[in-house]
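A.B. asks: Chain by chain, the residues:
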Amino acid sequence: MNTPRRKFLKNVLATGGALVFGTTVLPSMADWPEVAFQAKTADEAMMALFGKDATDSSKIDLIVPETAENGAVVPVEVSTSLEQVESIAIIVEKNPVPLVSQFNFTENSVPWLKTRIKMAQQSDIIVVVKTQDGALYTTRKSVIVAKGGCAG
Amino acid sequence: MASGTIRIKAKEDNGITEVKVLITHPMESGIRKDLETGALVPAHFIKEIECIHKDKMVISAIWSGAVSKNPYWSFKVKGTAKGEKLKVTWKDNKGETDSAEAKIK
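For the protein sequence lines, the chains are P and G, in the order given. Those letters in the first sequence? Residues 299 to 450, per my numbering, in order. Those letters in the second sequence? Residues 142 to 246, per my numbering, in order.
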């Protein structure tokens, strides 16, 4: 008679315990969005990160090579003339896990970055810029990959 | 705790400092197979990284295992002057962490 209630309590305690453990033992510098980083498609990653689509923008400059000799090290540079930038996310559409990284800016940093990423195969690199008013802007470029970088 | 994994170059021009960070880290995604055994190589990658200037977090990032091995990251910090310090800290999926400080030149 008491079993369902006990089970319920047990579940609540288990979840609560995990939450407490998560916040006190491993204080996070930023929120690492597990669901977005587990998404298998670019659309799923977008929805998990932002919950909506982004508008194409010519105010984002994405500099990538036309052909990457080695998919394990593809240089990416992003800058934007958009103002009050909160974050810049980098997504590789055809990677097994498309979301690569997200950079969070403050009033004390310039919305610009250089990084190096892995690409499994030829794919679009998608950049999503979020401004402080919550608006999303995007641009993309295709990169040919001579030698895939996720296996190497 | 890891140590000595971070190299930082910070050069100021007109109040803006371009920071170049190079980190020694395997950045294993967890989906790569070992070529000899065929077994998956366990995930081991930096998840979070941040830069602090004058006790304020000025920029941060969250990464997956698709950031290249031995990550390179360059960014620009405003309101800086030569001689001031910048501190970069990373944390990976195994809970390992490292920090390094550099003087702005």
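Derived by calculation from the structure, the hints in this document are not laboratory data. We treat Cβ as the ideally placed atom computed from N, Cα and C, and that holds for glycine. There could be a bad hint or two in this list.
[Unchecked claim] Label pairs and their calculated CB-CB ranges:
1) P:Lys357 - G:Pro183: 22 to 32 Å
2) P:Lys338 - G:Gly156: 42 to 52 Å
3) G:Lys219 - P:Trp330: 37 to 47 Å
4) P:Trp330 - G:Gly145: 22 to 32 Å
5) G:Gly236 - P:Lys357: 11 to 21 Å
6) P:Glu375 - G:Glu225: 17 to 27 Å
7) G:Ala222 - P:Leu380: 24 to 34 Å
8) G:Lys195 - P:Lys392: 21 to 31 Å
9) P:Ile442 - G:Lys174: 20 to 30 Å
10) P:Thr365 - G:Lys246: 13 to 23 Å
11) G:Val182 - P:Ala433: 38 to 48 Å
A.B. asks: All hints are to be evaluated individually against the structure, with a verdict given for each.
C.D. replies: Consistency of the hints with the structure:
In this structure the supplied range 22 to 32 Å is violated for lysine 357 (chain P) paired with proline 183 (chain G), their Cβ-Cβ distance being about 41 Å. Lysine 338 (chain P) and glycine 156 (chain G) have their C-beta atoms about 43 Å apart, which keeps the hinted 42 to 52 Å range intact. For lysine 219 (chain G) and tryptophan 330 (chain P), the Cβ-Cβ distance of about 26 Å falls outside the hinted range of 37 to 47 Å, so the restraint is violated. Separation of tryptophan 330 (chain P) from glycine 145 (chain G) is about 25 Å and conforms to the stated range, judged on CB atoms against 22 to 32 Å.
Checked against the given bound of 11 to 21 Å, the beta carbons of glycine 236 (chain G) and lysine 357 (chain P), roughly 39 Å apart, lie outside it. At roughly 25 Å, the beta carbons of glutamate 375 (chain P) and glutamate 225 (chain G) sit within the given window of 17 to 27 Å. Take alanine 222 (chain G) and leucine 380 (chain P): their Cβ atoms lie about 27 Å apart, and the range 24 to 34 Å holds. Checked against the given bound of 21 to 31 Å, the beta carbons of lysine 195 (chain G) and lysine 392 (chain P), roughly 42 Å apart, lie outside it.
As the Cβ distance of isoleucine 442 (chain P) to lysine 174 (chain G) is approximately 24 Å, the hint placing it in 20 to 30 Å holds. Checked against the hint of 13 to 23 Å, the C-beta distance between threonine 365 (chain P) and lysine 246 (chain G) comes to roughly 35 Å, which is inconsistent with it. At about 39 Å, the CB distance of valine 182 (chain G) to alanine 433 (chain P) agrees with the hint of 38 to 48 Å.
Of the numbered hints stated above, those contradicted by the structure are hints 1, 3, 5, 8, 10, listed in ascending order.
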